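Chain A is already provided as a structure; the job is to place chain B on it using the hints.
Sequences listed follow chains A and B, in order. Residue numbering for the first sequence follows this note's numbering, starting at 1 and increasing by one per position. Residue numbering for the second sequence follows this note's numbering, starting at 202 and increasing by one per position.
Bear in mind the hints are in silico, worked out from the structure with no lab data behind them. These numbers were taken from a predicted model, which means no experiment stands behind them. There may be inaccurate statements among the hints.
What the hints assert, rightly or not - So the derived list for chain B, only partly shown, Cβ under 8 angstroms to chain A, looks like this:
#: 1; residue: M202
#: 2; residue: P220
#: 3; residue: T226
#: 4; residue: L235
#: 5; residue: K239
#: 6; residue: T242
#: 7; residue: E243
#: 8; residue: A251
#: 9; residue: E254
#: 10; residue: G255
#: 11; residue: A266
#: 12; residue: L270
#: 13; residue: I273
#: 14; residue: Y357
#: 15; residue: I388
#: 16; residue: L390
As the list claims (entries may be wrong) - In silico BS3-like cross-links for lysine-lysine, where the CA-CA straight-line distance does not exceed 25 angstroms:
#: 17; chain 1: A; residue 1: K10; chain 2: B; residue 2: K360
#: 18; chain 1: A; residue 1: K35; chain 2: A; residue 2: K24
#: 19; chain 1: A; residue 1: K38; chain 2: A; residue 2: K6
#: 20; chain 1: B; residue 1: K239; chain 2: A; residue 2: K10
#: 21; chain 1: B; residue 1: K207; chain 2: B; residue 2: K236
#: 22; chain 1: B; residue 1: K211; chain 2: A; residue 2: K38
#: 23; chain 1: B; residue 1: K211; chain 2: B; residue 2: K236
#: 24; chain 1: B; residue 1: K239; chain 2: A; residue 2: K35
#: 25; chain 1: A; residue 1: K10; chain 2: A; residue 2: K35
#: 26; chain 1: A; residue 1: K24; chain 2: B; residue 2: K225
#: 27; chain 1: B; residue 1: K239; chain 2: B; residue 2: K225
#: 28; chain 1: B; residue 1: K225; chain 2: B; residue 2: K211
#: 29; chain 1: A; residue 1: K6; chain 2: A; residue 2: K35
#: 30; chain 1: B; residue 1: K225; chain 2: B; residue 2: K236
#: 31; chain 1: A; residue 1: K10; chain 2: A; residue 2: K38
#: 32; chain 1: A; residue 1: K38; chain 2: B; residue 2: K207
#: 33; chain 1: A; residue 1: K24; chain 2: A; residue 2: K6
#: 34; chain 1: B; residue 1: K236; chain 2: A; residue 2: K38
#: 35; chain 1: B; residue 1: K239; chain 2: B; residue 2: K207
#: 36; chain 1: B; residue 1: K239; chain 2: A; residue 2: K6
#: 37; chain 1: B; residue 1: K239; chain 2: B; residue 2: K211
We put the beta carbon where it would ideally sit given N, CA and C, even for glycine.
Protein chains: 2
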Amino acid sequence: MNFSSKLIEKAVDAFATLPGIGRKTALRLVLHLLKQDKTVTEQFSTALVAMREGIRECTQCHNLADEDLCQICADTRRDRRLLCVVETIRDLMAIEDTGQYRGLYHLLGGIISPIEGIGPADLNIDSLVERVQAGDVQEVIMAISPTIEGETTVYYLAKKLQPTGVQLSSIARGVSFGGDLEYADEITLGRSIVARTPYGQ
Amino acid sequence: MNFSSKLIEKAVDAFATLPGIGRKTALRLVLHLLKQDKTVTEQFSTALVAMREGIRECTQCHNLADEDLCQICADTRRDRRLLCVVETIRDLMAIEDTGQYRGLYHLLGGIISPIEGIGPADLNIDSLVERVQAGDVQEVIMAISPTIEGETTVYYLAKKLQPTGVQLSSIARGVSFGGDLEYADEITLGRSIVARTPYGQ
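Just chain A, with the same shape it has in the complex:
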């Protein structure tokens, strides 16, 4: 593309470095900003820089946080006896959006993946064990993706946590609500028959 302006070219290049944004979309965004008042671009930039400069890791659960503790850990109304272990902040947010969980979280920061060279030492596992050993937690809910790496991670966590005597659980797996049985994959459907629950529960 020929921009006939170095300033526009640099701004388009900047947008185009973001994932999923090509140069055509980037140009559309730049032209949009040009149509708006200057303060719009200033506020946009300020919000991004403030976010990038200000954000830190929650010292307790490794969630992204504005203060030393994230809003969830700092919320005294949440049930400190429940600890949900997730891979990333996306999974945490997906669970939060359900509005069904009122306990705390622990972010591993990934899962054990020998192929990608991620071992237990690269994840927030020691701090999880320490939190459980501290005594408040009664149940650790493992909300980890049911992949080979995920199952390996769950197995490793279980071995690490069993000595503490804490109750371990895993999120329920089965056919989706609203999902047609015929479209459920074989493994999910097979396991949902084996792990059937009594009617009424």
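Structure of chain B alone, referenced to chain A:
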């Protein structure tokens, strides 16, 4: 969405004000910036603010420019006898990308549209007439969309420019190169038969 961080929420909101970017995409962009070094976000913001602060309108053709004259108007190798009239910078860039045109441009800034309340006085028409009257221009090529508003604008421009004696032309219309005849719309196909060109031209 529950971000458990005001800083992230504000950054997501900022991205989500941009056209075509929803809150899920905005979150993906924010998490991407968080994974990068702080300098990436700083450079991104700096490029946008520099662009928004520094950009101005070319005093000659109304294109976006870094200096008083845009790169095209300032380029002495371009043919000053040809003037291509376009609606917006997008159309200018589309023509520049073809690499087939070496003249100058004039951006109207839109087209006459009574429905949207845009009259001739809202467009850069007076400055176009002045440029033509100044004498260097020998041909004005109208590259305006073939819509009702576009045709109205072309008609108005022709009436304004005819007294100057400048040669007027319009970009060729017809069936696309590589386009199947059966998929061409009726109006385009009909006009392309009426306005057929001698073989070999």
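Hints versus structure:
no.: 1; hint: M202; result: holds, 6 angstroms
no.: 2; hint: P220; result: holds, 5 angstroms
no.: 3; hint: T226; result: holds, 7 angstroms
no.: 4; hint: L235; result: holds, 6 angstroms
no.: 5; hint: K239; result: holds, 5 angstroms
no.: 6; hint: T242; result: holds, 4 angstroms
no.: 7; hint: E243; result: holds, 6 angstroms
no.: 8; hint: A251; result: holds, 6 angstroms
no.: 9; hint: E254; result: holds, 7 angstroms
no.: 10; hint: G255; result: holds, 5 angstroms
no.: 11; hint: A266; result: holds, 6 angstroms
no.: 12; hint: L270; result: violated, 10 angstroms
no.: 13; hint: I273; result: holds, 5 angstroms
no.: 14; hint: Y357; result: violated, 24 angstroms
no.: 15; hint: I388; result: violated, 27 angstroms
no.: 16; hint: L390; result: violated, 29 angstroms
no.: 17; hint: A/K10 / B/K360; result: violated, 40 angstroms
no.: 18; hint: A/K35 / A/K24; result: holds, 17 angstroms
no.: 19; hint: A/K38 / A/K6; result: holds, 18 angstroms
no.: 20; hint: B/K239 / A/K10; result: holds, 18 angstroms
no.: 21; hint: B/K207 / B/K236; result: holds, 18 angstroms
no.: 22; hint: B/K211 / A/K38; result: holds, 18 angstroms
no.: 23; hint: B/K211 / B/K236; result: holds, 18 angstroms
no.: 24; hint: B/K239 / A/K35; result: violated, 28 angstroms
no.: 25; hint: A/K10 / A/K35; result: holds, 18 angstroms
no.: 26; hint: A/K24 / B/K225; result: holds, 20 angstroms
no.: 27; hint: B/K239 / B/K225; result: holds, 22 angstroms
no.: 28; hint: B/K225 / B/K211; result: holds, 14 angstroms
no.: 29; hint: A/K6 / A/K35; result: holds, 18 angstroms
no.: 30; hint: B/K225 / B/K236; result: holds, 17 angstroms
no.: 31; hint: A/K10 / A/K38; result: holds, 17 angstroms
no.: 32; hint: A/K38 / B/K207; result: holds, 24 angstroms
no.: 33; hint: A/K24 / A/K6; result: holds, 16 angstroms
no.: 34; hint: B/K236 / A/K38; result: violated, 28 angstroms
no.: 35; hint: B/K239 / B/K207; result: holds, 18 angstroms
no.: 36; hint: B/K239 / A/K6; result: holds, 24 angstroms
no.: 37; hint: B/K239 / B/K211; result: holds, 17 angstroms
The structure fails hints 12, 14, 15, 16, 17, 24, 34 (numbered hints given earlier, in ascending order).
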